[in-house]
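J.: Position chain D relative to chain X; hints supplied.
Residues per chain, in single letters:
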Amino acid sequence: MNRYTWRTFSLEAVMIAAALVVGFPVYVLLNLAFRAPSDLASPVRPTTAPTINNFIEAWQQGALGGALFNSILVTAGSVVVILAISSLAAYPLARVTARWSRGMFLLIMLGLMLPFQLAALPLYQTMRDLGLLGTPWALILFYSGLQVPFTTFLYIGFLRALPVDFEDAALIDGCSHLEVFRYVVFPMLKPITVTALVLNAVSVWNDFFTPLLYLSGSTQQTMPVAIAGFVGQYVSQWNLIFAALVISIVPVLAVYFALQRSIINGFAGGLKG
Amino acid sequence: MATAAIEQRREQTVTVSRRRRKGPPWWFALPALALFAFIVLVPSARGLYYAFTDWDGLDPNFSFVGLNNFRDMWHDPNAVQAIWHTLLIAVSITVIQNLVGLLLALGVNSSIKSRNVLRVFLFAPAVVTPIVTAFLWRNLLGPDGAVNSLLGAVGLGSWRQDWLGDPQLALWSVVGVIVWQFAGYSMVIFLAGLQSIPAEIYEAVAIDGASSMRRFWSVVRPLLAPAFTINLLLSIIGGIKLFDQVYALTRGGPGHATDTLSTLIYKDAFTLGEFGYSIALAVVLTIIVSITSTGQYVVLARNERAAS
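Just so you know, the protein sequences line up as chains X and D, in that order.
For the first sequence, the numbering used here assigns the number 12 to the initial residue and increments by one for each residue that follows.
For the second sequence, the numbering used here assigns the number 547 to the initial residue and increments by one for each residue that follows.
Bound conformation, chain D alone:
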């Protein structure tokens, strides 16, 4: 009787340790993987195939056209321009938004009295629907909008512009609207980085008598490396994929002055019915996203290691 119980107990221990060694079963990942495959992987793979066809989105009879879509893109001034705009917007947003966000974070991380209120307030635009804020700004930036009224009211009437109607200016207005909305997002991430730096480090360098500029550059900046990695990746990828704000502010206009890859993909597919060509543009977008995000990640991760 006793030996049987011991035997049973030993068997249990063996199965438990085997289960432990093998870890949780693979089928736990199955629901996630199945949905991911259905929604992302399979359609992306099909997209990759359609990029080499002349499919119009409806007709089941379409033919394989090799690299023609990509060759057409090269000769399509709208596509070349859209790629250029996409890169320009992504880089400008990344630089300006993070600079503003960092300055705001440093300000909010100081001993000013309003710091808690300001933190909540400055971040608020980042949770509001981008299409909604963009429609608001479309009115504010109009010829008779509030921005021009304000400039007139403070005696800067000569600075009035047709912010969204002037092809030279429209792209920068789009960038401005995005920075207005998301600088607080960068701020919050930088702030989390700043607050993870132990107070002793600040005190030690303050005792050393280093100037505040020098303190920031040689002590705080390297410790902010993880926050920089996240912020730069988020803003550049967001910038490359930009659609909503352009759609609401300018629809890619005036002319094609603010068309990005995403707005052109949408227009070519749903107003012109050129699905094959549109997907070829999406392939280019994919390549740009992959190269920038991996490249940036590798460089930033190396800096992070060097800093730690």
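Next up, chain X with everything else stripped away, as it sits in the complex:
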């Protein structure tokens, strides 16, 4: 079964062809990002005189450093709050069968269905009245609430499959429920915490619609909004735009390739939830 046959070889060839289709846009992206604007050769032809001027100009013109900082702040802040409150909430909801527990569970599950578009405009008004528009804090507050249903759902599914014996033992030893959660339950949740961390970090980092609404017109931008603004400003200077796109992709791919095993397992881990 594991012999390398002609069939395996042709399959390998087909799969590599698929990888080339996936890689083609990336090749063009890099090719044009390193090309001087005066070079008008076909975009598929390798650039003959590569230059890094586009990157320097994009970095200086686009205020991408500030956007990168905001994106890191918003993602890290949101993910910490989301994981803390969702895992804590999942604990009683998974363990207690009383009516209040079922009710809260159903309420949170309702949140899985509601598309954000419904809440977006009224919330825009609330944020405006509270003076929170245009600040990264509004985004952290926002994602912390928005991601609760999905994250709690992941934790509840995982908790229900965990035995209660350890918690009982800790209670008999005199731990309070909060101590049981902190020292017994939360450490056992590690696999699903990794999944929740990966999925939340990627969706917060990549979100465009929310910061487009809540940060529009301010100088505080996250990476996706800064890029959209950049494209709007340098309409057809594609070499410059491509350099900006590369700058925004590099940190994401660097983290991805460094932690690829945990990240891929994180995405696949939703399967068991």
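In short, the hints are calculated from the structure, not lab data.
Some hints could be false.
Restraint ranges, calculated between C-beta atoms of paired labels, are given here [said to hold, decoys possible]:
1. D:612 to X:48: 54 to 60 Å
2. X:77 to D:752: 54 to 60 Å
3. X:172 to D:768: 20 to 26 Å
Here's a subset of chain X near chain D, in silico, CB distances under 10 Å, partners left out [said to hold, decoys possible]:
4. 26
5. 103
6. 104
7. 123
8. 126
9. 136
10. 144
11. 173
12. 177
13. 213
14. 223
15. 235
16. 249
17. 259
Even for Gly, the Cβ is constructed at its ideal location relative to N, Cα and C.
T.: Showing chain D alone in chain X's frame:
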């Protein structure tokens, strides 16, 4: 002295067992619930109310207009078209992305030498910001873009198209870009499903002499049921809510050829100031999401049970 200690110990045991019976306290859920209510529940409920008003987003004086927004929608060709596009995009993405993802997963799950590298590489686009990849594709798919250059270079010059400017084609270009980015996501979930199938099962059916097609259909496919459930739900809901890629690739154009419910909601609210009407569109979006996700979940869960 001794009896007092015993008494105290008994009291402790009683309180511990009561605590155990009652389980962790409800207020553990309070922080999550409070934020969720503030960010999602209350604004959604208010949204539901505004859908029946003529609110413009600023003026505190607005009036209740009953079902007028929904009736207007019925007579608004842009809205009807956007609903149709939304459904068409969601269904096409679901079918194509999962088919491609499944084939990739089967390929990567074989004994080819490059399988580990390919898995990491094929999944990579799924972690990149969608708005960024969409801007990249906007250039690639332009009249003088790399896709047309490539077609010219390999002698398929007659296949050149204005991929995003042709109203007949633009919607399918959007679908293509999304499949390009997320097929690897479906692949990873199918792959996790494939790898959870014990090797003995493969060996047993191989010994039975079943053809590989037959093996896949009657043995592997039913065991992949949980992966199908997740993948189909993720892609159809993602498709229905689609905003970023359309915004970056076409802004809903040319004309309204690629407008989805989400882009129309955005335009009506922030460029036309019709908040009430825009929220009524969001209510329609909510209804579509709820019906499809519950319906799909019920059907798939039944298949999953039947398969197990």
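J.: Now, for every hint given, state plainly whether the structure supports it.
T.: The hints, checked one at a time:
Distance hint check: the CB atoms of residue 612 (chain D) and residue 48 (chain X) are about 57 Å apart, consistent with the given range 54 to 60 Å. Between residue 77 (chain X) and residue 752 (chain D), the C-beta spacing of about 58 Å keeps the proposed range 54 to 60 Å intact. At roughly 22 Å, the beta-carbon separation of residue 172 (chain X) and residue 768 (chain D) lies within the given 20 to 26 Å, and the hint holds. Because the smallest distance between the Cβ of residue 26 (chain X) and any Cβ of chain D comes to about 5 Å, under 10 Å, the interface hint for this residue holds.
The interface hint given for residue 103 (chain X) holds, since its Cβ lies 4 Å from the closest Cβ of chain D, which is under the 10 Å cut-off. With a cut of 10 Å, the hint placing residue 104 (chain X) at the interface with chain D holds, because the nearest CB-to-CB distance is about 6 Å. For residue 123 (chain X), the shortest C-beta to C-beta distance to chain D is roughly 8 Å, which falls under 10 Å, so the interface hint holds. With 10 Å as the threshold, the beta carbon of residue 126 (chain X) comes within range of chain D, its nearest partner Cβ sitting at about 5 Å, so the hint holds.
Interface hint at residue 136 (chain X): satisfied, since its Cβ lies 7 Å from the closest Cβ of chain D, which is below the 10 Å cut-off. About 13 Å separates the beta-carbon of residue 144 (chain X) from the nearest beta-carbon of chain D, more than 10 Å, and the hint is not met. A cut of 10 Å between beta carbons decides the hint on residue 173 (chain X): the least distance to chain D is about 13 Å, and the hint is violated. Below 10 Å, beta-carbon pairs count as interface contacts, and residue 177 (chain X) has none with chain D, the closest being about 12 Å; its hint is therefore violated.
With a least beta-carbon distance of about 6 Å to chain D, the hint placing residue 213 (chain X) at the interface is held under the 10 Å criterion. Evaluation of the residue 223 (chain X) hint against chain D yields a held restraint, the C-beta minimum of about 8 Å falling below 10 Å. Checking residue 235 (chain X) against chain D by beta carbon gives a least distance of about 5 Å; that is within 10 Å, so the hint holds. The criterion of a C-beta within 10 Å of any C-beta in chain D is met by residue 249 (chain X), whose closest approach is roughly 5 Å, and the hint holds.
Taking 10 Å as the C-beta contact cut-off toward chain D, the hint placing residue 259 (chain X) at the interface holds, the least distance being around 5 Å.
The structure fails hints 10, 11, 12 (numbered hints given earlier, in ascending order).
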